[in-house]
Amino acid sequence: MLTIDFLINTLSLGSLYAMLALGLVIVYGILKLVNFAYGELLMIAGYTLYILGGLSTTLPWFVIAILAVLVAAAISYLTEMIAFRPVREKSLTAMLITSFAVSTLLQNAALLIISPRARAVPLPDFFSQSVALAGSNIPIRNILSIVTAVVLFGALSLLLKYTVLGIALRAAADDFRMTRLLGVPANLVISTAFIISGFFAGVVAIFWTARTASVTPTIGAAPLLVAFVACVIGGMSNLLGAVVGGYLYGIIYSLLSLWLPQYLLDYREAFMFLIVILILLFRPSGLIRGNASSERVG
Amino acid sequence: MLELKSLHVRYGAIKALRGISLEIKEGELVALIGVNGAGKSTTLATIAGVLRPVEGTVTFLGESIAGKTPEAIARKGISLVPEGRAILASLTVEENLRLGAFIRRNHQEYLMDVEENIALFPILKERFHQLGGTLSGGEQQQLAIARALMSHPKLLMLDEPSLGLAPIIVDQIFDLIKALHNRGVTILLVEQNVDRTLEIVDRAYLLNTGTIQTSGSANQIRSQVDIEAVYLGDQ
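Protein chains in written order, with this note's numbering: chain C, 1 to 298; chain E, 299 to 533.
Note that these hints are calculated values from the structure, not bench results.
Hints are supplied without guarantee of correctness; some may be wrong.
Simulated pairs of lysine-lysine, BS3-like, Cα-Cα distance not exceeding 27 Å [claimed, not checked]:
1. E/K452 x E/K423
2. E/K323 x E/K374
3. E/K366 x C/K90
4. E/K452 x E/K374
5. C/K161 x E/K423
6. C/K90 x E/K423
7. E/K423 x E/K476
8. C/K32 x E/K366
Can you build the whole structure from these sequences, using the hints too?
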């Protein structure tokens with residue numbers, strides 16, 4: 001039953017969820033803000049694919065894809081600068097409400113300017129092709145999403161570990177006030193977090209929109225929920241928790257699809273959340289806890 | 299070097315500082331003493347830009363810094379070691395030091411400063427790759443001071459550096475403050491340990507409920523005020 005294609009498909013799903021969760025938690029870690037406009041960043045990347053794909057038939061797909069990711073990162077940065085920065089000093093509630101406002105605004109902008117109906121995004125041929133591996137047909141798309149996740153997680157780890165900006169990002173998640181007292185500009189750290197967040201949203205958007213080969217104004221709702229739940233399972237206090245939560249979400253979801261009898265498959269989400277509730281009953285702060293600073297006596 | 303003029307600070311409706319005026323000259327070691335809630339930490343936090351004054355001025359090297367952000371003030375050369383040390387627990391000792399040098403961009407100088415600090419605090423060499431959160435209280439205090447020194451501050455502010463430390467470590471901390479002072483570092487010190495503090499400082503200000511009750515040299519303070527009475531709450 002646990003065949004190689006099941007394994008790859010599960011890992012692929014988990015990779016997408018882990019990238020989603022990471023993008024959400026990197027902002028949360030510093031600002032303690034669950035950015036409800038996060039899903040709309042996927043939507044924007046999706047529409048960028050649609051618009052660029054329609055405008056130009058000469059641009060290679062991967063150039064369009066990279067541009068879509070960059071646009072998502074740029075819009076993420078702009079929402080921080082225009083919407084969140086002015087209310088940052090006020091209160092967390094103000095920021096939370098702002099994130100709802102940004103989400104609604106972007107969704108309605110898409111409804112108004114483009115269309116409530118689904119729009120097609122360009123897909124390269126290899127996205128619908130498969131390779132034979134150990135007797136199974138594996139979609140290339142799934143292998144690609146796993147590889148992308150591994151590469152990006154590796155790159156992010158290096159950035160966080162070996163660059164001063166990366167160290168500052170981790171420090172800010174630890175103690176934002178102290179980080180500023182050391183001369184690290186608050187805006188620099190927060191902007192960087194939003195850009196990384198938008199970047200991950202954009203990357204996931206490419207795979208997410210490929211499922212239906214289309215984008216709609218409300219496409220962001222589902223990935224936002226997935227990211228949020230994955231963070232809650234894994235633990236909101238660190239990036240590793242988000243990644244673990246994302247993969248776990250993918251694994252549980254795949255196993256449910258495999259094990260649930262046909263007539264219960266429609267209730268897959270309900271079972272999913274039942275398991276999430278069970279996890280939270282036993283680990284209220286998620287599976288991976290933050291680096292609790294335990295001070296030795298001496 | 300630093301001058302506060304009739305500084306007023308509030309936490310909501312509570313007036314924490316009611317017209318603090320004080321001055322520190324270059325190379326001086328000055329202490330703020332007084333009971334809990336007198337406004338000592340509030341004064342440091344306001345100078346560092348964590349709190350904004352509702353009234354009054356803060357002038358550093360001839361420039362008004364009141365209301366500027368903590369990062370801007372750090373860049374001007376003021377470094378605060380907050381009460382409780384605020385070690386970045388999930389960062390290693392090395393990373394804490396590296397971030398301490400954030401405002402200085404020269405990597406060669408950074409490496410030299412690390413060497414110098416390790417000579418000053420040998421324990422940090424042993425703990426170099428350990429997470430800050432795994433250090434003992436005394437080690438964390440040394441790291442916090444070393445981290446502050448990494449930025450070559452013109453003014454170093456220490457908030458209760460001896461708090462919660464074993465007596466032998468407290469001795470070390472006071473020796474260290476004296477040594478830094480002798481090297482020419484300008485220091486503004488907040489301490490509960492008044493006797494020890496008056497032994498090493500040039501001047502001190504005695505704060506009481508958000509105002510300066512008296513100031514002067516250690517001897518002047520000792521002769522004017524019954525320190526024990528202040529701390530027992532007779533005043």
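Now the hints, each set against the structure:
no. : hint            : verdict
1   : E/K452 x E/K423 : holds, 25 Å
2   : E/K323 x E/K374 : holds, 16 Å
3   : E/K366 x C/K90  : holds, 17 Å
4   : E/K452 x E/K374 : holds, 8 Å
5   : C/K161 x E/K423 : holds, 20 Å
6   : C/K90 x E/K423  : violated, 42 Å
7   : E/K423 x E/K476 : holds, 22 Å
8   : C/K32 x E/K366  : holds, 24 Å
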